[in-house]
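Chemist: So the chains spell out like this:
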Amino acid sequence: MPAYSQTHYTPRPLKAGKDSRARWAVRPSGVAVVFVHGFGGSATATWDEFADRLPERPECIGHDLLFYGYDSLTVQAPVSAALLRKFLHALATDPVHSVMSGSLSINRSLSAAFRYHRIVILAHSLGAVIVREALVQAASDKAMRPWIPLVRLALFAPAHCGARVTELAEEAMGAFKLSLLRLATSGFKAYAQVLKDLEEGSLMLRGLEQRTTALLNAGLTSLRAEVVVQGEHDRIVNQTVFCSDPGPEVELGMGHTAVCKPSAAYQAPIDYVLPILTAP
Amino acid sequence: MTRSQRNTAHVDPELAAVNLVDLEELYYGGTGAPRAVAEFNRIRNGTSRRKLSSLLRSHICRPIVSNAEIELRDAFDDLLAYYAILEIASSLGYVGELPEDARRQAVRVLGDDDVQEYYQSHYPLLLPRLMFERASGQRTFVLDADAVDLPAFMRFLDLNATIEHSDEADVFLAMLDDYRFGDGEELHGMDDLLIILGRPREFARRLSRPEKQRHVLDTALQGFRVFLRFCRGMDDLLRGLQPSPLQQSLLWHHHAYWFEIVRDDVGAQLHAALRQFERWQGASTNGTDNDHAAEATADDPRSLGSMHVALRRLMSGRYGWVLRETSNSAGLPVA
Numbered sequence: 001m002p003a004y005s006q007t008h009y010t011p012r013p014l015k016a017g018k019d020s021r022a023r024w025a026v027r028p029s030g031v032a033v034v035f036v037h038g039f040g041g042s043a044t045a046t047w048d049e050f051a052d053r054l055p056e057r058p059e060c061i062g063h064d065l066l067f068y069g070y071d072s073l074t075v076q077a078p079v080s081a082a083l084l085r086k087f088l089h090a091l092a093t094d095p096v097h098s099v100m101s102g103s104l105s106i107n108r109s110l111s112a113a114f115r116y117h118r119i120v121i122l123a124h125s126l127g128a129v130i131v132r133e134a135l136v137q138a139a140s141d142k143a144m145r146p147w148i149p150l151v152r153l154a155l156f157a158p159a160h161c162g163a164r165v166t167e168l169a170e171e172a173m174g175a176f177k178l179s180l181l182r183l184a185t186s187g188f189k190a191y192a193q194v195l196k197d198l199e200e201g202s203l204m205l206r207g208l209e210q211r212t213t214a215l216l217n218a219g220l221t222s223l224r225a226e227v228v229v230q231g232e233h234d235r236i237v238n239q240t241v242f243c244s245d246p247g248p249e250v251e252l253g254m255g256h257t258a259v260c261k262p263s264a265a266y267q268a269p270i271d272y273v274l275p276i277l278t279a280p
Numbered sequence: 281m282t283r284s285q286r287n288t289a290h291v292d293p294e295l296a297a298v299n300l301v302d303l304e305e306l307y308y309g310g311t312g313a314p315r316a317v318a319e320f321n322r323i324r325n326g327t328s329r330r331k332l333s334s335l336l337r338s339h340i341c342r343p344i345v346s347n348a349e350i351e352l353r354d355a356f357d358d359l360l361a362y363y364a365i366l367e368i369a370s371s372l373g374y375v376g377e378l379p380e381d382a383r384r385q386a387v388r389v390l391g392d393d394d395v396q397e398y399y400q401s402h403y404p405l406l407l408p409r410l411m412f413e414r415a416s417g418q419r420t421f422v423l424d425a426d427a428v429d430l431p432a433f434m435r436f437l438d439l440n441a442t443i444e445h446s447d448e449a450d451v452f453l454a455m456l457d458d459y460r461f462g463d464g465e466e467l468h469g470m471d472d473l474l475i476i477l478g479r480p481r482e483f484a485r486r487l488s489r490p491e492k493q494r495h496v497l498d499t500a501l502q503g504f505r506v507f508l509r510f511c512r513g514m515d516d517l518l519r520g521l522q523p524s525p526l527q528q529s530l531l532w533h534h535h536a537y538w539f540e541i542v543r544d545d546v547g548a549q550l551h552a553a554l555r556q557f558e559r560w561q562g563a564s565t566n567g568t569d570n571d572h573a574a575e576a577t578a579d580d581p582r583s584l585g586s587m588h589v590a591l592r593r594l595m596s597g598r599y600g601w602v603l604r605e606t607s608n609s610a611g612l613p614v615a
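Protein sequence lines, in the order shown, are assigned to chains A and B.
Residue 254 in my numbering sits at position 254 of the first sequence, with consecutive numbering throughout.
Residue 589 in my numbering sits at position 309 of the second sequence, with consecutive numbering throughout.
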C-alpha cells in the first residue's frame with residue numbers, strides 16, 4: 001500500500017548543456033518547465049527548493065522539471081544561447097527520442113508522437129538574456145519558428161537591460177566575494193567575454209531588444225515575458241522594462257539571488273509562476 | 281538481474297523497481313563499481329594473483345602510488361558508495377527488498393574479511409556495514425512513511441551530483457585523502473593548499489585564472505569552492521530534516537568520511553585560514569579590519585562566514601549521532 005506520494009522519478013542527468021538535471025514526472029501532464037540559471041549559477045542550486053516545492057502544488061505534479069546548465073562564466077552569451085536553442089528545439093519537436101530517451105531509464109508509455117503542449121521557461125539574471133537570445137535565434141529559423149508559441153516566459157532579476165558587471169563578477173566569486181579593485185583586473189579576465197555582453201547598452205543587448213521588438217510586432221507574442229520578478233534590493237541588474245514586458249513584480253527585502261529561491265517559508269517565486277504553469 | 285522483489289517500499293512495487301533501476305544506473309553502472317566486482321571475483325576465484333588485503337590496505341601502512349592500484353581502490357570506493365545509497369534508499373522505503381542476485385552479491389562482497397577491514401577499520405563507514413546487515417537478513421529496518429521527507433532525498437541526490445561529477449572537487453578530495461599531484465617537477469598536496477588559503481590575494485588570483493591556464497593547485501582551489509558550496513547545501517538540507525533525525529543521520533553518513541577527515545586532519549588549519557580570509561574579506565568590503573566585519577556576513581547564506589558555520593556543524597558529527605547510536609544499540613529499530 002503506497003504510503004507517500006512519489007510524483008517524479010529519481011533525479012537524472014540530462015544530456016544537454018552542462019551538468020543539466022531532470023526530474024521526470026511519473027504521470028506526465030504535457031508541460032515542461034525549463035530552468036535556466038544566471039552568471040556564476042548552476043543548474044539546480046540557483047533554484048534551491050523549486051524542484052521540491054512545485055510538485056507540492058497539485059496542479060504541477062505532472063510537469064517535467066528540466067534544469068538546464070551552461071558555462072556562464074567563459075562562453076559568450078550568443079553561443080550559450082545557440083546551444084540552448086538546439087535543446088529547446090529537440091524538446092519541442094522530438095522530446096521522447098531526443099531528450100527523454102537519453103535521460104530516463106524507462107519508457108513512460110509515451111508514444112514517439114508525444115509533444116509538450118506548453119514549455120514554460122524560468123530564467124534568472126543572465127539566464128534571461130540567454131533564453132531571449134535563444135528564442136530570437138529560433139524565431140529567425142523557419143524550422144524552429146512553429147514551436148515558439150508553445151513557450152511562456154517567467155523571468156527573475158533579468159539582466160536583459162544590462163547589469164553592473166563588477167558586482168556581477170563579484171557574485172560569481174560566491175563565498176569568496178572580494179573587492180575586484182583589490183584584485184586588479186585578474187578577476188575580470190576569465191569572465192571578460194560574458195561581462196562585455198551584459199554591459200548596459202552593449203551591442204548584444206541593443207540587438208536583442210531590436211530583434212525582439214520586431215518579432216513581437218510580427219505577432220510572436222510568446223516572446224513577451226508573462227511575469228518579471230525583481231528584488232527590491234537588487235543592485236546588480238538594470239530594472240528598466242524590456243520591450244513590452246509587464247512591469248516588474250517587486251519582492252520586498254529581496255536581493256538579486258534570493259528572489260528565485262523558494263523555501264517552506266518563502267513561496268512567492270512559485271506563486272508568481274503558478275498561473276503560467278496551470279493555464280489551460 | 282531478476283526483478284522479483286518483496287515490497288517493503290512506501291511506494292507501489294512498480295515504482296520501487298524503477299527507483300532501484302535508477303539508483304543502479306546512477307551509482308553502479310555509471311561508475312567504477314562493476315570493475316571492483318569483477319576484480320573481487322577474479323581475486324576470490326583465483327584467476328588474479330593480486331591480494332585483496334594488499335589492494336585494500338591502509339595507505340598509512342604503505343602508500344598507494346601505482347595508478348592501477350589507485351584506479352581499483354577508486355572502483356571499490358564507488359562500490360561502497362553504491363551500497364551506501366542502497367542502504368539509505370531501503371531505509372526510506374524508496375526501494376523494496378533487493379532482488380536475490382543483488383542481495384547475494386552484497387553479502388559476498390560486504391561480508392568479505394578484507395573488504396570489511398577496509399570499510400570498518402582502515403576507512404570506517406557505517407552505511408556499508410548496515411547494508412551488509414540488511415542483505416544478510418540481520419536487519420530489515422524501514423523508516424515509517426510519515427517520518428520520510430522524500431523531496432529532501434531527491435534534493436540530496438541532486439546535491440551529490442554537484443560534487444560527484446566535478447573534476448575539480450575530485451582533485452580537492454584526493455588531496456584531503458593525502459594524495460599528492462605532480463605539476464612540473466613538484467608534487468603538491470593539502471599542505472600547499474592550506475598555505476594558499478591563508479593568502480587571500482594569491483587565492484583570489486588563482487581562483488579567477490581561466491581554465492586553460494590552471495595549475496593543479498588552482499584546480500584544487502576550485503574544488504575547494506565546490507566542496508564548500510556542497511557543504512552549505514548539505515547543511516541546509518540536514519537542518520531542514522530535524523523532524524526526521526534518522527533520515528538526517530542517514531544522509532550525513534553518506535559523506536561522513538569527508539567531514540571527519542576535514543575535522544581530524546586539517547580542521548584547525550582550515551579554520552584558521554578561513555578566519556583569516558573572512559577578516560581580509562570584511563576589511564575589503566567595509567574598509568575596516570576587524571572580526572565583526574566577518575561575523576556580519578554569517579547571516580548571508582552565500583557568504584564565506586555562513587559556509588564556515590555550515591562546515592563546523594557538518595564536522596561536529598552531531599547529524600550522524602542518531603544512526604550511530606541506534607545501530608550500536610541492542611534495540612536497533614527493525615520493521
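Hints were generated in silico from the structure; no laboratory data involved.
Treat the numbers as computed from the prediction; the structure is a model and nothing was measured.
We put the CB at the ideal spot given by N, CA and C, even for glycine.
There may be inaccurate statements among the hints.
[Stated by the list, open to error] Here's a subset of chain B near chain A, in silico, CB distances under 10 Å, partners left out:
(1) VAL345
(2) SER346
(3) ALA348
(4) ILE350
(5) GLU351
(6) ARG353
(7) ASP354
(8) ALA355
(9) LEU437
[As the list claims (entries may be wrong)] Covered stretches of chain A, as calculated for chain B (at least 3 residues, CB under 8 Å):
(10) 116 to 129
(11) 235 to 249
[As the list claims (entries may be wrong)] What the simulated footprint calls covered on chain B by chain A, stretch by stretch (three residues with Cβ under 8 Å from a Cβ of chain A suffice, anywhere in the stretch; the number is not a length):
(12) 288 to 296
(13) 318 to 325
(14) 421 to 430
(15) 440 to 453
Chemist: With reference to the structure, classify each hint as holding or not holding.
Modeler: Each hint tested on the structure:
{"no.": "1", "hint": "VAL345", "result": "32 Å, violated"}
{"no.": "2", "hint": "SER346", "result": "31 Å, violated"}
{"no.": "3", "hint": "ALA348", "result": "28 Å, violated"}
{"no.": "4", "hint": "ILE350", "result": "25 Å, violated"}
{"no.": "5", "hint": "GLU351", "result": "23 Å, violated"}
{"no.": "6", "hint": "ARG353", "result": "25 Å, violated"}
{"no.": "7", "hint": "ASP354", "result": "20 Å, violated"}
{"no.": "8", "hint": "ALA355", "result": "20 Å, violated"}
{"no.": "9", "hint": "LEU437", "result": "5 Å, holds"}
{"no.": "10", "hint": "116 to 129", "result": "violated (count 0)"}
{"no.": "11", "hint": "235 to 249", "result": "violated (count 0)"}
{"no.": "12", "hint": "288 to 296", "result": "holds (count 4)"}
{"no.": "13", "hint": "318 to 325", "result": "violated (count 0)"}
{"no.": "14", "hint": "421 to 430", "result": "holds (count 4)"}
{"no.": "15", "hint": "440 to 453", "result": "holds (count 3)"}
Of the numbered hints stated above, those contradicted by the structure are hints 1, 2, 3, 4, 5, 6, 7, 8, 10, 11 and 13, listed in ascending order.
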